[in-house]
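Residue-level listing of the chains:
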Amino acid sequence: MIDRTVFKERFVKWVLVAFALSSLLFLFLIFLFILAEGLPLFLKVGVKNIIFGFKWAPTKGYFGIFPMIISSFLVTIGALVIGAPMGLSCAIYLSEYSGKKMKMFLKPALELLAGIPSVVFGFLGVIYIVPLVRNYLGGSGFSLISTSLVLGVMILPTIISISFDALVSVPKTYREGSAAMGATKWQTIYKVIIPSAKSGILASFILGMGRAIGETMAVIMIAGNALKIPGSILDPLRTLTGNIALELAYATGDHRLGLFSTGVVLMVIIMILNYIANFGIKRKIAK
Amino acid sequence: MRINPRIINRLVRMGLNVQAFFTVGILIIIIAIIFFKGFPHMSFAFIFSFPEDMGREGGIFPSIVGTIQLALLSILFATPLGLGTAIFLTEYTRESLFTKLIRFGVESLAGIPSILYGLFGFIFFVIKLKMGWSLLAGVLTMTIMILPTIIRTSEEAIRAVPRQLRIVSYSLSASKWETIKKVVLPAAMPGILTGIMLSIGRAVGETAAIIFTMGSSLRLPLSVMDSGRTMAVHFYILAREGISMEKAYGTAVVLVLSILLINILAYYIMNKAIARYS
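Sequences listed follow chains A and B, in order.
Note that this note's numbering has the first sequence beginning at 454, numbered continuously upward.
Note that this note's numbering has the second sequence beginning at 7, numbered continuously upward.
One should not assume that every hint holds.
[To be verified] Restraint ranges, calculated between C-beta atoms of paired labels, are given here:
hint	chain 1	residue 1	chain 2	residue 2	range
1	A	Lys681	B	Ile9	31 to 39 Å
2	A	Tyr581	B	Arg62	37 to 45 Å
3	B	Leu266	A	Pro624	53 to 61 Å
4	A	Gly514	B	Asn277	53 to 61 Å
5	A	Val500	B	Ser181	50 to 58 Å
6	A	Tyr589	B	Gly64	36 to 44 Å
7	A	Leu492	B	Gly64	43 to 51 Å
[Stated by the list, open to error] Calculated lysine-lysine pairs in the DSS-like style (CA-CA distance at most 30 Å, straight line):
hint	chain 1	residue 1	chain 2	residue 2
8	A	Lys501	A	Lys513
9	B	Lys136	A	Lys497
10	A	Lys556	A	Lys625
11	A	Lys560	B	Lys278
These are calculated hints, taken from the structure and not from any lab test.
Note that beta-carbon positions come from the ideal geometry of N, C-alpha and C, so glycine has one too.
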């Protein structure tokens with residue numbers, strides 16, 4: 454009887470270990486298969502011709518994705534320019550100014566905003582933002598600025614929730630100390646709270662960047678997908694994610710491999726951003 | 007001239023107020039637009055009839071069924087895996103290199119954008135494992151995508167269960183697994199359910215990963231090897247290819263309404279759970 458219980462306990466433990474390992478296995482498989490499809494072309498065409506190549510004509514043997522890399526970074530920075538100040542001020546309001554009732558209403562509202570699917574953002578962007586830009590600023594409206602605006606809103610929930618966590622984790626004694634010196638609430642926030650929550654706020658910006666650079670469906674609907682580096686904020690552009698999503702359905706042979714090479718570049722960028730946010734910055738907080 | 011800090015304080019306060027309401031305003035505007043534009047095109051017949059002429063006419067019944075199939079089957083696979091991982095991380099081990107490795111895996115999975123899941127699912131399930139564009143390939147891809155959410159929420163829920171409950175159970179000579187099964191998991195259930203609901207919401211709204219694994223067939227998927235399209239994919243195709251704006255708005259209402267209801271239910275369950283232990 455006792456032996457059976459012991460056996461069962463051990464059995465359960467090993468099953469759970471196997472389950473826990475599944476996440477690592479999946480991560481490994483994702484890496485393996487994207488790299489296995491994406492790397493051969495780097496060897497065949499040359500790393501330089503892909504990463505720094507300007508011409509994307511995969512059926513003719515040109516796999517340059519430099520304009521897309523630049524475009525991806527441009528929309529990401531654009532999204533951050535819009536999303537970071539909005540998100541940070543929202544987080545400050547939530548953590549420092551809002552009453553309990555307000556918080557009970559605002560936090561779920563933000564979570565709901567995070568739940569709106571990206572196709573819906575893309576659709577509303579096409580219907581409302583694109584014509585607005587076309588009528589008031591010029592160009593076709595499918596542009597860097599439209600995409601940045603929509604992405605800026607999409608990354609708000611990420612920025613707000615992570616910087617909010619960083620702000621509320623600043624010890625109460627800091628606030629009391631500052632108030633005791635006769636500082637106003639804003640002076641306290643500006644000179645004491647924000648500097649002490651700096652690394653968490655930075656992490657929220659970087660994770661927001663990660664979301665923006667990986668966003669796909671909204672971007673292909675709004676960005677215009679032109680194959681060149683945008684000359685102004687009113688020019689259309691094509692991102693790395695857009696390149697994959699636009700062509701994967703019909704690509705074959707080397708063309709398909711080229712899309713996986715695009716995926717490899719995207720994966721490397723995302724891994725670097727996540728590494729900085731999760732390990733570089735969070736470790737600092739722990740200290 | 008030096009401006010009085012108190013005046014600055016008041017101005018900032020006002021500015022932040024406006025900003026916070028502006029952010030919530032965006033959410034309200036999005037929902038309002040979808041509802042006002044979409045409700046006229048939504049009807050009982052729209053929900054329960056089949057699309058005709060590529061979606062120009064008729065309803066969205068197959069895509070609703072496809073969405074439910076995708077979400078439920080993904081949850082069916084991901085819940086045991088995710089819950090098992092969470093139980094292992096909280097109950098069966100101390101923090102070690104091994105748990106750090108697993109956490110690294112979970113964090114990394116959570117950070118991968120959906121288009122890369124689409125690429126992976128396409129090459130691995132659709133092509134290498136020869137599943138073709140099918141419900142199964144979509145479900146397996148989605149399972150991996152929602153796994154981190156389930157693991158994180160379950161882990162938090164299990165950690166929140168008071169230690170006394172476990173001690174009482176052990177003192178009644180229950181084994182570890184019996185304690186987990188009969189005491190810890192029931193107590194952590196609301197939190198676990200929240201994670202499951204949030205994951206369903208994610209599966210319902212996902213497009214990039216699904217379109218390249220499950221495909222976009224307009225027929226009703228009758229077996230797991232059939233291709234199908236979810237509401238989100240249907241909406242995307244209607245809107246992007248300009249097939250029918252009315253039908254796109256109609257689909258958007260059903261899509262957004264279901265996600266809102268799922269998420270609201272998730273937070274309702276979570277708040278009840280928080281109230282219980284604090």
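Verification of the supplied hints:
1. A:Lys681 <-> B:Ile9: 31 to 39 Å: Given about 47 Å between the Cβ atoms, the range is violated.
2. A:Tyr581 <-> B:Arg62: 37 to 45 Å: Once the Cβ atoms are compared, 24 Å apart, the range 37 to 45 Å for Arg62 of chain B and Tyr581 of chain A is violated.
3. B:Leu266 <-> A:Pro624: 53 to 61 Å: Cβ of Leu266 of chain B to Cβ of Pro624 of chain A: about 37 Å, so the range 53 to 61 Å is violated.
4. A:Gly514 <-> B:Asn277: 53 to 61 Å: The hinted range 53 to 61 Å holds for Gly514 of chain A and Asn277 of chain B, with Cβ atoms some 58 Å apart.
5. A:Val500 <-> B:Ser181: 50 to 58 Å: The hinted range 50 to 58 Å holds for Val500 of chain A and Ser181 of chain B, with Cβ atoms some 56 Å apart.
6. A:Tyr589 <-> B:Gly64: 36 to 44 Å: 38 Å Cβ-Cβ, so the 36 to 44 Å window holds.
7. A:Leu492 <-> B:Gly64: 43 to 51 Å: holds (46 Å)
8. A:Lys501 <-> A:Lys513: The given pair, whose Cα atoms are some 17 Å apart, holds under the 30 Å limit.
9. B:Lys136 <-> A:Lys497: holds (27 Å)
10. A:Lys556 <-> A:Lys625: Roughly 18 Å between the alpha carbons, so the hint for Lys556 of chain A and Lys625 of chain A holds.
11. A:Lys560 <-> B:Lys278: holds (16 Å)
Checked against the numbered hints given earlier, this structure breaks hints 1, 2 and 3; the rest are met.
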